[in-house]
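Trainee: Here is how the chains run, residue by residue.
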Amino acid sequence: MGLLQPLLRSLETGSVYALAALGIILVWRTSRVMHFAQGSMGMFSGTAVAFVLNRTGAPLWASVLVGAVVAIFLGFAVDVAVIRRLRRATTVGKEIVTLGLIMVFLGLAPILFGTEPMLLPKAIPDGAITIGDAYLSYNGLLNICLGVAIAATLFVVLQKTKIGLAIRATASDDSTARLMGIPTRSVTMLAWATAGVLGMLAAVMIAPATTVTPTFMNTVQVTALFACVLGGFQTFYGPVLGAYLIAVAGNYLQLYVSSVWGEQLLYLLILLFLLVRPNGLVGKTYLKKV
Amino acid sequence: MSDVLRVEGLSISFGGLKALDDLSFSVADTEVFGLIGPNGAGKTTVFNCITQFYRPDAGAVWFAPGAERLDRAGHHGSDAIDLVGEPVHRVIRYGLVRTFQNVEIIPELSVLDNVLIGGHVDFKASMLSQMLRLPGARKEEAQYREKAREALSFLSIDHLADQIAGGQPYGVRKRLEMARTLMAEPRLIILDEPAAGLNESETEQLADTIRQIRDRFGCSVLLVEHDMGLVMNVCDRICAISFGKFLALGTPEEIQRDVRVHEAYLGERDDD
Amino acid sequence: MSDAPTTAARLARNPHVGFVVFGALLMLLPVLASSGLLMTSTLMTLGFTLIYAIVAMGLNLLLGYSGLISLGTAGFMGLGAYLAAYVQDDLGLGFWVAVLAALVIPTVIGVLVGVVSLRVRSIYLAIATLTISEILLKTFEQAEWFTHGTAGKQSRYPVLFGVQADRAVVFLIIVVALVLVMMLTHNIVHGQLGRALHAMRASEVAAQAMGVNVLKYKLFAFAVATMYAGLAGALYLFFLKSSYPSTWNLFLSLNVVAMVVVGGLRSIYGTVVGAFVIFAVPELVLKRLPVIGDVSGLPYIFSGVLIIVAIMFFPQGLRGLWDIGRGLLARRRRPAEPVETVRDEVGVR
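Residue numbers (our numbering), protein chains in the order written: chain D, 1 to 290; chain X, 1 to 272; chain W, 1 to 349.
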């Protein structure tokens with residue numbers, strides 16, 4: 001097998017991690033909450049997609065639309081009913097709440113959608129392109145394109161539009177943003193909903209490779225958090241970069257070092273990397289005001 | 001008279017903006033030294049650079065902690081050390097201790113326990129012997145409790161020792177913070193706006209307290225203060241700064257007559 | 001201080017005496033079980049509750065004083081369990097060496113993880129421990145020589161001082177361990193160590209100015225939390241006589257967080273109550289309810305909702321409710337004196 005093949009495959013998983021990581025960083029930058037429930041919320045709406053598809057026989061795109069509605073609704077609900085009411089709680093308190101959310105969604109999913117593991121088909125069932133001696137399924141190509149396109153769209157929205165400006169202003173200093181008349185509440189609501197949709201898409205993209213169970217997003221959650229650590233929490237593009245890097249490095253480690261321990265080895269390497277660059281690849285050092 | 005603190009060429013900038021620009025001054029032994037300047041002059045930044053919360057871009061902070069402390073820290077031969085680069089939590093070991101503008105106490109603990117925090121670095125009992133309450137640790141605890149009571153009684157709040165600190169009025173909390181600095185057997189106490197929030201008679205009392213601490217403990221005091229009455233009353237010498245730059249140095253009378261100082265403050269009056 | 005208190009009064013005020021009395025009462029439970037007043041399954045549930053109380057005590061120290069979250073609790077606890085089994089059964093070194101290994105090795109690993117992750121930002125500890133837990137879980141599944149893989153490691157009751165223990169004896173060992181942990185935790189938080197931890201919680205900046213090495217005390221709290229987890233893991237193994245990788249998943253770690261938050265931060269007895277609410281109530285009550293008792297996700301939702309409700313409405317947990325209740329009673333007796341309840345929030349800023 002050539003060197004290109006694993007690269008193509010890791011770009012596909014990288015897109016999954018990138019979307020999940022984007023959700024985490026959006027929430028972090030606007031609400032200052034480490035979103036530990038990104039994976040489980042994605043799992044929940046992803047399971048909803050599988051449920052609709054399996055029960056009603058609706059096509060995948062329609063099921064995904066339903067999933068998006070579920071994800072947006074959950075995002076709004078979590079922000080309005082819980083996160084927003086935690087203004088007086090500390091960062092740690094908010095993080096613990098997202099830990100509580102993990103358990104709620106984990107418990108709710110089997111109650112609402114049944115305990116049977118479900119399957120989700122690929123968007124494009126078969127066909128592949130070949131590049132030299134490497135091949136890439138059409139579905140993989142679609143996933144890569146989707147990941148890159150969504151990330152790119154988000155960056156354009158963040159940089160060029162009024163909404164993006166509002167998000168960036170909230171991210172840099174939410175009390176100043178509020179004073180300047182930016183509706184920070186709508187901004188955080190939007191961030192939570194977007195994170196929900198990104199999580200759902202990540203779930204739908206990874207699902208064909210596994211079965212839809214309450215824990216099928218755990219690896220994505222851990223990897224996405226690590227993508228943020230590696231890329232740094234100060235920019236929106238850092239985590240995306242981190243996600244692809246982790247996917248590529250992880251894949252090569254699994255191939256050439258150890259198929260069982262490759263991923264774990266990578267995690268350890270990232271922890272060690274923190275010793276050298278504590279703020280991540282594109283992180284800037286910041287000064288604590290006293 | 002030798003210097004306890006010598007600040008040399010201190011510069012620091014935040015995001016391209018120079019907060020301190022080549023600032024130098026020194027504080028003599030047993031001197032009460034005032035640092036004044038209009039709002040935004042960089043007074044608190046000076047404090048944070050001295051106590052190493054900020055690492056200055058350039059310059060040195062020479063501190064003379066006394067021969068015994070130097071020996072303990074492994075600096076033999078020299079009579080002063082450059083604090084720049086020392087970890088924040090080590091600074092107090094040299095006898096340099098500060099208070100905070102917005103009084104940092106632990107509300108859930110008793111007044112006495114709060115004072116005991118000031119003696120943190122002097123505790124020698126190991127973590128293990130404290131966890132197991134070995135006799136050595138208990139004896140040490142009792143000994144420092146006694147010392148803390150003395151510090152409290154020096155500031156006339158020893159009757160409140162066992163009360164919860166969080167419920168105390170502002171004036172008591174300020175005294176509590178002062179008592180805490182005494183636990184460190186200070187060579188230099190840095191007071192960050194100690195008169196803020198105090199009424200006139202309390203401020204006068206504060207002036208007495210500052211002098212008493214200086215006389216009793218033989219230490220120096222570096223004072224940042226907005227209340228000009230207090231500064232002029234209590235300080236031996238005053239350094240005025242403006243926009244991070246040195247402006248003037250002298251006795252209170254000299255500073256009061258200084259034209260540059262007047263200009264700096266007059267420029268501020270409109271927007272203050 | 002002037003009047004000399006009687007010995008009895010002094011004893012009653014000594015918290016360590018309280019812990020011992022508490023332990024003595026717990027030791028009656030196996031007696032109740034052997035006389036048929038308590039079902040064996042209930043005794044088992046209570047035994048596990050006490051084991052979780054030990055883990056939660058460690059996390060409470062970490063979360064309550066340093067505002068740090070560890071998501072590696074399950075991993076470290078599992079490591080303690082497998083180490084205990086490996087040392088006792090495979091190496092044949094006996095109970096005490098097994099416990100020692102379960103105490104020391106997870107703590108060493110924990111400290112290494114802490115050193116790497118605590119330098120940057122507090123939240124990195126949560127992410128790093130989450131990862132370490134995943135790595136440990138993978139190890140439990142893969143390292144057959146050590147853990148017997150997914151088939152599960154089987155063990156037996158330990159031999160103590162030449163005597164073969166049984167379930168009741170292991171229960172007593174658990175109680176003794178819990179009482180010791182309560183005493184140790186009490187000593188840690190009352191004294192110079194505790195003051196440093198308190199200072200750090202109130203303001204890291206001020207604590208540093210007072211000479212508290214914040215990194216060192218965070219590491220200390222994390223090391224103690226890991227040590228308690230290792231101990232609890234060993235006790236778990238001796239009580240159940242087996243260990244499966246699937247036990248040591250993220251949700252156990254989350255449940256321990258829930259125990260701390262629900263029981264009340266910085267409260268020793270509250271932690272025990274928290275462990276009871278989060279672990280024993282679903283086992284003893286929820287699962288026996290008609291209809292909804294069979295719903296598989298219910299305990300998760302129970303814990304999750306309790307966490308969220310506690311943080312939103314009762315930041316002091318059950319301990320806080322207890323204080324408020326006592327305050328109301330005191331007010332009724334002495335209406336003149338206003339009761340002040342300190343309402344602070346989780347952890348540090």
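Calculated directly from the structure, the hints in this document are not laboratory data. One should not assume that every hint holds.
DSSO-like mimics (lysine-lysine), calculated; alpha carbons at most 27 Å apart, straight line [stated by the list, open to error]: (1) X:K18 <-> X:K245; (2) X:K124 <-> W:K138; (3) X:K139 <-> W:K216; (4) X:K147 <-> W:K138; (5) W:K138 <-> W:K287.
Trainee: Going through the numbered hints above, which ones does this structure break? Give me the numbers in ascending order.
Mentor: 2, 4, 5
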